[in-house]
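Chemist: The chain contents come next:
Number of protein chains: 2
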Amino acid sequence: MALLSVLTPVLVAVLCMVIGFMFVKSRQTETTSQDETKGASKAGFRPWVDQDLQDDTEITREDEDGEWVDSAEEEDLPHVPYSPPRYPEEKMLQRSQEFYTLMNQRRSVRLISPEPVPREVIDNVIRTAGTAPSGAHTEPWTFVVVSDPETKHQVRLIVEEEEEVNYRQRMGDKWVHDLAKLRTNWIKEYLDEAPYLVLIFKQTYGILPDSKKKTHYYNEISVSISCGILLAALQNVGLVTVTSTPLNCGPQLRLLLKRPANEKLLMLLPVGYPASDATVPDLKRKPLDDIIVHM
Amino acid sequence: MALLSVLTPVLVAVLCMVIGFMFVKSRQTETTSQDETKGASKAGFRPWVDQDLQDDTEITREDEDGEWVDSAEEEDLPHVPYSPPRYPEEKMLQRSQEFYTLMNQRRSVRLISPEPVPREVIDNVIRTAGTAPSGAHTEPWTFVVVSDPETKHQVRLIVEEEEEVNYRQRMGDKWVHDLAKLRTNWIKEYLDEAPYLVLIFKQTYGILPDSKKKTHYYNEISVSISCGILLAALQNVGLVTVTSTPLNCGPQLRLLLKRPANEKLLMLLPVGYPASDATVPDLKRKPLDDIIVHM
Numbered sequence: 001m002a003l004l005s006v007l008t009p010v011l012v013a014v015l016c017m018v019i020g021f022m023f024v025k026s027r028q029t030e031t032t033s034q035d036e037t038k039g040a041s042k043a044g045f046r047p048w049v050d051q052d053l054q055d056d057t058e059i060t061r062e063d064e065d066g067e068w069v070d071s072a073e074e075e076d077l078p079h080v081p082y083s084p085p086r087y088p089e090e091k092m093l094q095r096s097q098e099f100y101t102l103m104n105q106r107r108s109v110r111l112i113s114p115e116p117v118p119r120e121v122i123d124n125v126i127r128t129a130g131t132a133p134s135g136a137h138t139e140p141w142t143f144v145v146v147s148d149p150e151t152k153h154q155v156r157l158i159v160e161e162e163e164e165v166n167y168r169q170r171m172g173d174k175w176v177h178d179l180a181k182l183r184t185n186w187i188k189e190y191l192d193e194a195p196y197l198v199l200i201f202k203q204t205y206g207i208l209p210d211s212k213k214k215t216h217y218y219n220e221i222s223v224s225i226s227c228g229i230l231l232a233a234l235q236n237v238g239l240v241t242v243t244s245t246p247l248n249c250g251p252q253l254r255l256l257l258k259r260p261a262n263e264k265l266l267m268l269l270p271v272g273y274p275a276s277d278a279t280v281p282d283l284k285r286k287p288l289d290d291i292i293v294h295m
Numbered sequence: 001m002a003l004l005s006v007l008t009p010v011l012v013a014v015l016c017m018v019i020g021f022m023f024v025k026s027r028q029t030e031t032t033s034q035d036e037t038k039g040a041s042k043a044g045f046r047p048w049v050d051q052d053l054q055d056d057t058e059i060t061r062e063d064e065d066g067e068w069v070d071s072a073e074e075e076d077l078p079h080v081p082y083s084p085p086r087y088p089e090e091k092m093l094q095r096s097q098e099f100y101t102l103m104n105q106r107r108s109v110r111l112i113s114p115e116p117v118p119r120e121v122i123d124n125v126i127r128t129a130g131t132a133p134s135g136a137h138t139e140p141w142t143f144v145v146v147s148d149p150e151t152k153h154q155v156r157l158i159v160e161e162e163e164e165v166n167y168r169q170r171m172g173d174k175w176v177h178d179l180a181k182l183r184t185n186w187i188k189e190y191l192d193e194a195p196y197l198v199l200i201f202k203q204t205y206g207i208l209p210d211s212k213k214k215t216h217y218y219n220e221i222s223v224s225i226s227c228g229i230l231l232a233a234l235q236n237v238g239l240v241t242v243t244s245t246p247l248n249c250g251p252q253l254r255l256l257l258k259r260p261a262n263e264k265l266l267m268l269l270p271v272g273y274p275a276s277d278a279t280v281p282d283l284k285r286k287p288l289d290d291i292i293v294h295m
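Going line by line, the protein sequences match chains A and B.
Heads up: the first sequence runs through residues 1 to 295, numbered per UniProt numbering.
Heads up: the second sequence runs through residues 1 to 295, numbered per UniProt numbering.
No lab work stands behind these hints: they were computed from the structure.
Among the clues, some could well be false.
You can't tell identical chains apart in this list, so a pair holds if it fits in one copy or across any two.
Stated by the list, open to error - For lysine-lysine, the following DSBU-like pairs were computed, each having C-alpha atoms within a straight-line distance of at most 30 Å:
| no. | residue 1 | residue 2 |
| --- | --- | --- |
| 1 | K212 | K286 |
| 2 | K213 | K91 |
| 3 | K286 | K91 |
| 4 | K286 | K214 |
| 5 | K91 | K258 |
| 6 | K258 | K213 |
| 7 | K258 | K284 |
| 8 | K214 | K91 |
| 9 | K258 | K212 |
| 10 | K258 | K286 |
| 11 | K286 | K213 |
| 12 | K258 | K214 |
Let's have the full structure, built from the sequences with the hints guiding it.
Modeler: Below you can see the structure in the form of structure tokens.
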């Protein structure tokens, strides 16, 4: 009896341990099985999500499929006839050739002139980017146009700090000998000099009037398509940029620019006229036969 | 002494529990701290990979940073002066307005005319898409243009089969009552009718002459940008399409079109003139003030 009463607290302690252990164990198993069935449940119950798709669409409700509807409320909208201008074949061919020639002149330019550019032109370029299609017509983009010199400089400091870390770490292993050349790479003068910095944010989800989250299907693909149209619009007016994705700076830049938590930086484009001494590497593009397959 | 020897196995058991518990706990902490430092370690050893980036770039070697160089061998290429055409401000403004007007007429169209379209126009449109920038100038895209009626029909069968599964699963839960309306959604007549189907593949990695894998940085973003330029080029010649991402059919379509394992389907665009009776939902785009922020 004396022995039992001595043992009792010990047994209680052991029981607590066992329960604690099992609790932890069960939570672990739960996590694992969730991971394992993620792919299957996506294919099974979320038909619009593909197992290959790496876009970070945050899923909050179901939707139709992979075809991009023009609007989530499309069924409710009245349909109207659609007859865009139609060109004779000769004219089509000419237009296709001219547009190719124009776009083929586009190059990534790092030497940007500080000369001012009319803001109305930039507004029209962004307006044009906003005509892109988007998953379920969510239009999940925000274009932050920075022209204030102090804010541009803050952007530069954030980007260069991150870049410098990258370069110094690399120098630590294999490129120690080439400091001077690398230095020219982490210094981004164009971030001060370009009259505009366009920071393109993807809205990873939307926020409904009742504060619930709204799924933004394929938001990264949608915003990237919009960026392609933006690049075309810039080229069309004779402005230059360099496509950059300084994504490790995304959180800091988001805070600097006071963007909400559902937005993530996708691209940063310095925009302006090319500097008078601008040069570009003499690279070639793949010939058509390397990128097209007719069947 | 007797009490102690009785207690010993109990104490041992307790000790084992405690050790077991701590082991599990430590593994959990390890996992957590790994998650927490993922961003930091990535930033440390893979400076070009962002913790936010969901692109499925397969990393096989290091590269500079988030800025898109024009070529991986850029340092070795000679630089040449770059002076694209420059327009007076009035002209820029006019061009920006005209391009916006043209692009703003673009709509996703599902009713596509079977009339033939000159192949040379399609070639020029693809050529134009190929002028897009890409991470490290890898040009990670393949445009498969299907005009053969039998192949188009095979594509349709694959896409419709997948869509039908999606719709039937949904019908199982909440939309049972609306079978007729749904049916019109999984039937994709345009896949037979459009004179061309353009299937856009992203090359998730390249293959070097020595058979090693070459990293295709930001390949999904790059190909999506290219698709944006392609949509602009189509609109410019008066052709229509509907942006679709039938990604669950990707593997089957890849096999049908005999594409290699490093390519994944990103988009499927039926291309042609709009049908004479084409309609589109009467939707609106966000006003400029909702998508732009000036700072």
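Chemist: Hints first: check each against the structure and report whether it holds.
Modeler: Tested hints:
Taking identical chains as interchangeable, the C-alpha atoms of K212 and K286 lie at most 30 Å apart only when they sit on different chains, with a minimum of 20 Å there against 46 Å within one chain. Proximity of K213 and K91 under a CA criterion of 30 Å is satisfied in neither setting, with 47 Å inside one chain copy and 43 Å between copies. Taking identical chains as interchangeable, the C-alpha atoms of K286 and K91 lie at most 30 Å apart only when both belong to the same chain, with a minimum of 27 Å there against 32 Å between chains. Proximity of K286 to K214 under the C-alpha cut-off of 30 Å is restricted to the inter-copy arrangement: shortest distance 16 Å between copies versus 40 Å within a copy.
In this assembly of identical chains, the alpha carbons of K91 and K258 never lie at most 30 Å apart, being 47 Å within a copy and 35 Å across copies at closest. Within a single copy, K258 and K213 get their C-alpha atoms as close as 20 Å, which meets the 30 Å cut-off; across copies the closest is 40 Å, which misses it. Taking the shortest alpha-carbon separations for K258 and K284, only the inter-copy value of 27 Å comes in at or below 30 Å, while the best intra-copy value is 40 Å. When the C-alpha separation of K214 and K91 is checked against a cutoff of 30 Å, the pair qualifies neither within a copy, at 43 Å, nor between copies, at 41 Å.
For the homomeric pair K258 and K212, the shortest alpha-carbon distance inside one copy (21 Å) is at most 30 Å, but the shortest distance between copies (44 Å) is not. For the homomeric pair K258 and K286, the shortest alpha-carbon distance between copies (21 Å) is at most 30 Å, but the shortest distance inside one copy (41 Å) is not. In this assembly of identical chains, K286 and K213 lie within 30 Å of each other by CA distance solely across copies; the values are 19 Å between and 43 Å within a copy. Taking CA atoms no more than 30 Å apart as the test, K258 paired with K214 passes inside one copy only; the shortest distance there is 21 Å, against 38 Å between copies.
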